[in-house]
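Asker: Based on the sequences and whatever the hints tell you, model everything.
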Amino acid sequence: MTATSATGDALLSYDDVLAAYDPALGLEVHVELNTASKMFCGCPTEFGAEPNTQVCPTCLGLPGAMPVVNGKAVESAIRIGLALNCEIAEWCRFARKNYFYPDMPKNFQTSQYDEPICFEGWMDVEVDGETFRVEIERAHMEEDTGKSLHVGTSGRIHGADYSLVDYNRAGIPLIEIVTKPIRGAGERAPEVAKAYVAQLRDLIVALGVSDARMDQGSIRADVNLSLAPKVSAGSTAEAPLGTRTETKNVNSLRSVERAVRYEMQRHAAILAGGGSILQETRHWHEDTGVTTSGREKSDAEDYRYFPEPDLVPVAPSREWVEELRGTLPENPTQKRARLQAEWGFTDLEMRDTVGAGALSMVEETIAAGASPQAARKWWLAELARRANDAGVELAELGVTPAQVAGVQALVDAGSINDKLARQVFDGLLAGEGTPEEVVEKRGLAIVSDEGALSAAVDNAIAANPDVAQKIRDGKVAAAGALIGAVMKEMRGQADAGRVRELILEKLA
Amino acid sequence: MTAITCNTRVSAAEIAGALARGETSSVEVTRAHLHNIERHDGAVHAYLHVDAEGALAQAAAADERRANGAPASALDGVPIAVKDVLATSGLPTTCGSKILQGWVPPYDATVVARLKRAGLPILGKTNMDEFAMGSSTEHSAYGPTRNPWDLDRIPGGSGGGSAAAVASFQAPLALGTDTGGSIRQPGAVTGTVGMKPTYGGVSRYGLVAMANSLDQVGPVSRTVLDAALLHEVIGGHDPLDSTSIDQPVGKLADAARRGAEGDLSGVRVGVITELSGEGYQAGVLARFQESLDLLVEAGAEVVEVSCPSFVHALAAYYLVMPAEASSNLAKFDAMRYGLRVLPEGVENPSAEEVMRATRDAGFGDEVKRRIILGTYALSSGYYDAFYGQAQKVRTLIGRDFAAAFETADVLVSPTAPTTAFKLGEKLDDPIAMYLNDLATIPANLAGVPGISIPSGLADEDGLPAGFQVLAPALADDRCYRVGAALEAALERKWGGPLLDKAPGLDPSTGSGQVKLDQRNGDAR
Ligand SMILES: [Zn+2]
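Read top to bottom, the protein sequences are chains A and B.
Note that the working numbering has the first sequence beginning at 156, numbered continuously upward.
Note that the working numbering has the second sequence beginning at 1109, numbered continuously upward.
There may be inaccurate statements among the hints.
[As the list claims (entries may be wrong)] Have a look at the derived ranges for each label pair, beta carbon to beta carbon:
1. B:Ile1480 with A:Gly284: 54 to 60 Å
2. B:Pro1356 with A:Phe255: 39 to 45 Å
3. A:Phe255 with B:Ala1511: 42 to 48 Å
4. B:Gln1209 with A:Glu456: 29 to 35 Å
5. B:Ala1493 with A:Ser515: 49 to 55 Å
6. B:Ile1480 with A:Pro384: 53 to 59 Å
7. A:Arg368 with B:Ala1493: 43 to 49 Å
8. A:Gly372 with B:Ile1480: 33 to 39 Å
9. A:Leu396 with B:Ala1423: 38 to 44 Å
10. A:Phe255 with B:Ala1423: 26 to 32 Å
[To be verified] Cut-off 25 Å, straight-line C-alpha distance, at most; resulting in silico cross-link-like pairs (DSS-like, lysine-lysine):
11. A:Lys335 with A:Lys302
12. A:Lys643 with A:Lys596
13. A:Lys252 with B:Lys1224
14. A:Lys227 with A:Lys302
15. A:Lys596 with A:Lys625
16. A:Lys252 with B:Lys1359
Everything labelled a hint here was simulated from the structure, so no lab data went into it.
Treat the numbers as computed from the prediction; the structure is a model and nothing was measured.
In this text, a Cβ means the ideal position worked out from N, Cα and C, and glycines have one as well.
Answerer: Rendered as structure tokens:
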């Protein structure tokens, strides 16, 4: 069955895709390091400065200026490589990747080519309790480009009245992490892609080498996808990889998943119709959920790589590499096992927590004082639903672990109940301040005025004589109906336990 | 202008001595050189830009330091000319190209900063083949420089401007850069001294690169001691250049002084078989042989060494150099600085169209030729056959040098195969032009130091020839020691410096008075 996307691409239904094809994924993730200075000069790297204020002859590519390697960036690259179980090159070089683009000051990017600093690694990715081993081909160092701003109605380079370039970003250190083709994920390919990027992000956060903000572009994913005809069951042969497309700058975890799914459906529709896939770069559109064609990326595109003659080789000593290995955070699998035991979560609870991308938030919420079950409850039940409604990742929802712990502390103190807590989250999301301030502003505190409560109980008993009689007759379970009536009158701002006590006292 | 009382024909060391003794002032010396520029540069065209005001201000500051008893260096107050390929803050830097017309760098090259720190007033920027691509300075977008020995002949290249400025007494010292011979070959054909230091011995930060793995900044002078003194000012480690060697520059002036005493006993001098036979002008070879005899007289032992890979040096050079240059020159795209040309008849041209039009209009033919060659050599599918092979040849050349330096302390050859040829003679024959650098290129490919000193005049044409001394990496002092010994022996034989034999420059042959300070290329 074929549908049509917003831009007119024919899309095969997902089930039909899987019936006929096996997807092969490839992910290229760029991580912007949080070093104090740029990759090859001493300019600062802070995000959000006035355009072209963090520049010098080197990162502007002025004639005669030369690069010097940032040692801290090399250290970060090695730590990332070690955390991804990579080999660390004993000797490697930078290379020039030559192509013309206005936001590239030298019209070549100083990168690494056939001598990456890290190579041959892997990361185990969990999806619904199943583990996929993603093999890492390489992780290499390079510099970022400047940022073009196309001024005009279209916002794109075509049809712009003029363009401005901000070189503050030019020369910021990047680590590009490239996977080998990921095959065999089948229907889970979109989730595997998302889980890989999510887990990689968590790893980067744990290493402390980047701000790791996808929304600010400090982690950017390019998604390569191709389809191969499905091999018949029982066959051990692997069909050759199909022609791939590379979807650029997919800037949220959710988009990674959606972009993979979209490209699978788009490729399949073309292949099923007897067409062939054009090897090209595609752009992901977050708003419409489609990809559109970028520049054609044929094999003829030739970057004329050669070793950067202005830099000497990078040769990290084995002693240094081992020293850095000692600084690595706990590996994710071991860490998960440890946390599960500490928190007393069931396998299912743990899997749901990881699956929702809530592990680090739950961990931080517990660290901020909440019980494991409370932390899990808020993040998985309440906040995951809200994130889903808003179409954002849990981490990007805008509620912090400290706030969640604060809300739970108010519940534990009896100041609010769970129902009121949900309204506190409304206030937190609306930016009304701390949990205490939201409770104050919205008047959400539970009423502990016994007089008002007592009057409300009396009213409820008077309005429901049948129920009251049942309770008097010993059917204590019927109290629920009266509690509901009292809570309604108190607009929820009452402690349900105290209400029950009062009802039972009065009807004893 | 006040009367010119200072003798500009003396060496930089002698000027420094006169300054130290209070016999003259830096302002006086600087003014005398500016006067020479005014008189002669209309004919020679060694300079692209003269900064009289800046030089005089720096000279006054030097005089003040000296008056306070605190000169900044041995050369404090001695003026200098700087090749236009080195970034000078506040002074135009064009690299002899239209594409950088009007560009004023916001920063100083490290060597320029070191000149300023040492107190040398900068007279101006000297002419060169566009982006240092050439052996005659005819490829300058601002017109050729002429050889002071014969104004119809080339001064060598690419640093013809620096060599001609020194040869015509328009500067006592100059900075050059040498990628395949651009300091040494102009030295040979103008009767001056030019030294290419060990690769990494002098900072390249601020040198607009032609071929980063070959380029090196070095001194241009009239005497070996002057070159050594200047080398000590500009040399030494620079954290801004990753390829710079982290070692002190060494006692080079001492080596020159010791050499000038004339005793070379125990020094083994290797004559490179491959660089002293076929293709060399008879008069050049005669002067080379004569110089060898003088070295033997000074006590040196002469041996013959073979460097078989050198025959591939030129071919390897013409792959490595254009490959690196093609990438280096990509930055000239009209987006940020320099020339911007809008394509004709195109409404709302795209950035790409502006880049294309600018590069078409802004680069000369030789530059375009090398960009095309280099782009081709780096193309996928050709890389291994061209760039890769060339790198292997470099390794072999390095091994040949290493083997040769087992049997000899220095290696020698004529610097250039011929004396200065006529302007225009080889302009349409790139291969003939490239052959000028046959003997100088191996040193660049291997990163070893080399000096050219005047060896006399060829009998056929009465024009200067050069004698090259090569040493192992970081043994630059040997170039100075052997060079100074030979220089002393030759000057004894000649009865004075070779430049005394150069015909005087008649101010009336110039193209008229040129107003100082406005000598940028666009005035021509
Ligand atoms: Zn910078």
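Asker: For every hint, state whether the structure bears it out.
Answerer: Hint check:
1. Range check, Ile1480 (chain B) to Gly284 (chain A): Cβ separation about 59 Å, and the 54 to 60 Å hint holds.
2. For Pro1356 (chain B) and Phe255 (chain A), the hinted distance range of 39 to 45 Å is satisfied, since their beta carbons lie about 42 Å from each other.
3. A hinted range of 42 to 48 Å holds for the C-beta pair Phe255 (chain A) and Ala1511 (chain B), which are about 44 Å apart.
4. For Gln1209 (chain B) and Glu456 (chain A), the hinted distance range of 29 to 35 Å is satisfied, since their beta carbons lie about 33 Å from each other.
5. Hint check: Ala1493 (chain B) to Ser515 (chain A), Cβ distance near 52 Å, so the stated range 49 to 55 Å holds.
6. With their beta carbons about 44 Å apart, Ile1480 (chain B) and Pro384 (chain A) fall outside the hinted range of 53 to 59 Å.
7. Between Arg368 (chain A) and Ala1493 (chain B), the C-beta spacing of about 46 Å keeps the proposed range 43 to 49 Å intact.
8. As the Cβ distance of Gly372 (chain A) to Ile1480 (chain B) is approximately 37 Å, the hint placing it in 33 to 39 Å holds.
9. Taking 38 to 44 Å as the suggested C-beta distance range, the pair Leu396 (chain A) and Ala1423 (chain B) conforms, at roughly 41 Å.
10. The hinted window of 26 to 32 Å between Phe255 (chain A) and Ala1423 (chain B) holds, with their beta carbons roughly 29 Å apart.
11. Between Lys335 (chain A) and Lys302 (chain A) the alpha-carbon distance is near 29 Å, which puts this suggested pair outside the 25 Å criterion.
12. Simply put, Lys643 (chain A) and Lys596 (chain A) have alpha-carbon atoms about 21 Å apart, close enough for the 25 Å limit, and the pair holds.
13. For the given pair, Lys252 (chain A) sits about 36 Å from Lys1224 (chain B) by alpha-carbon distance, which is inconsistent with the 25 Å threshold.
14. This hinted pair checks out: Lys227 (chain A) and Lys302 (chain A) have alpha carbons roughly 24 Å apart, not beyond 25 Å.
15. Restraint check for Lys596 (chain A) and Lys625 (chain A): the C-alpha separation of about 40 Å exceeds 25 Å, so the hint is violated.
16. Straight-line distance between C-alpha atoms of Lys252 (chain A) and Lys1359 (chain B) comes to about 41 Å, which puts the hinted pair past the 25 Å bound.
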